[in-house]
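**Q** Each chain is listed here by its residues.
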Amino acid sequence: MMFSKSAHRLAGRLVVGCTASLVAVVALAAAQWSMQPKESKLTFVGEQAGAKFEGSFDKFTADIAFDADNLAASRFDVKIDTASVNTQDGERDDTIKSADLFDVKRFPTAQYVADKFTAQGGNKYSATGKLTLRNVTKDVPIEFTFENKAGDAWLKGTAKIKRLDFGVGQGEWKDTSTVGNDVQVRFALRLKGTS
Amino acid sequence: MQLKNDESRYGVVAQFFHWTIVVLIIVQFILANRAADLPLGPAKIGVLAQHKSVGITILGLALLRLIWRWLNPVPAEPLDIPQWQRIAARVSHIGLYALLLITPMMGWLMSSARNFPVSWFGLVTLPDFIEPSRPAYDFLHETHELLALTLFGLALLHVAAALKHHFIDKDNVLRRMLPVKLKQERS
Chain A
8 MMFSKSAHRL AGRLVVGCTA SLVAVVALAA AQWSMQPKES KLTFVGEQAG
58 AKFEGSFDKF TADIAFDADN LAASRFDVKI DTASVNTQDG ERDDTIKSAD
108 LFDVKRFPTA QYVADKFTAQ GGNKYSATGK LTLRNVTKDV PIEFTFENKA
158 GDAWLKGTAK IKRLDFGVGQ GEWKDTSTVG NDVQVRFALR LKGTS
Chain B
4 MQLKNDESRY GVVAQFFHWT IVVLIIVQFI LANRAADLPL GPAKIGVLAQ
54 HKSVGITILG LALLRLIWRW LNPVPAEPLD IPQWQRIAAR VSHIGLYALL
104 LITPMMGWLM SSARNFPVSW FGLVTLPDFI EPSRPAYDFL HETHELLALT
154 LFGLALLHVA AALKHHFIDK DNVLRRMLPV KLKQERS
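First to last, the protein sequences are chains A and B. If you use the numbering used here, the first sequence closes out at 202, no skipped numbers anywhere. If you use the numbering used here, the second sequence closes out at 190, no skipped numbers anywhere.
Please keep in mind that the hints were generated in silico from the structure rather than gathered at the bench. Keep in mind it's a predicted model, so treat the numbers as computed, not measured. Be a bit skeptical, because a hint or two may be false.
Cut-off 27 Å, straight-line C-alpha distance, at most; resulting in silico cross-link-like pairs (DSS-like, lysine-lysine) [said to hold, decoys possible]: (1) A:163 - A:45; (2) A:104 - A:45; (3) A:145 - A:59; (4) A:181 - B:47; (5) B:184 - B:167; (6) A:59 - B:47; (7) B:47 - A:169; (8) B:173 - B:184; (9) A:199 - A:181; (10) A:131 - A:104; (11) B:173 - A:104; (12) A:145 - A:104; (13) A:167 - A:112; (14) A:112 - A:156; (15) A:112 - B:47.
Given only the sequences and the hints, what does the whole structure look like? Please build it.
**A** Structure (structure tokens):
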């Protein structure tokens, strides 16, 4: 009987211990989302000769771990194919891809990683992350909304960057009188829950 | 000199519209040719920005000019002009007005078609009435150039006719559009 009593106690401890670690693991991981590329958009608004124009990136991936109840464990990791830039004008796209601007041969990928999130009330959030473009890494804050309807979510937001902070504009393109320094980035990601 | 037209000459307002548009059209040809020689870069974008701003200015001035012309009838033509010349003058004036309106409009549309929206001197951004499209851009670009060349040709004809009136017919057709008084050497 002694043996069985201690075995029972051991089993009980194991159950408690396992449950506790499982809770800890669940607490560490925020919900993983899978981005739906066809419905998701990553666009930007630049300025040429005083007029704004819109362009987009046709190829990018977003690894999104986000949980409104667990912002500490949330994380965005977005990789952008710089050569997929599309401003609906082939000549301008070729120019943007060239060495003085994106230099897509040397820097084919831009990356944005955010892991510090702040709730702003309702479904609004802000985050500070690091954008790496042309091998220059700088803090870039974003503002976004996260609307989740039973595992079907939209993540929509904006960021403001200055292109010259990342060296996008060498030589004559350093001039900001015809091509503005400010660029607004907009994203609308369609996400499906995976866990 | 009075602001309004009278029976014998154009007033200050009509002359201002006429000569300002003349100067701006010459500027437009210079800017367009300069832009055509440049590769895509800040310099070209800058020159085209000026070309677009001046073009929209011409469009605005041409509209105001037509309103003014409608409010304030033009001086009477000399009585001894043959009928065919009256018709030719009428047709070429209508053509010039039409080109002053349509040429900038095609330029505006062609900018939209290439997703390079038009800003008027960095102060106002004009709306885009068409979606970006390469075939539409190519068509509008050709049309814009063709209209500009037609405008150039018609303007030369207009100048030739004005000089003919002044030096051959020796009437007041040219003088009534001049801000300064030229001596009339009527034989």
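**Q** Failing hints, ascending?
**A** The structure conflicts with hints 9, 10, 11, 14, although it agrees with all the remaining ones.
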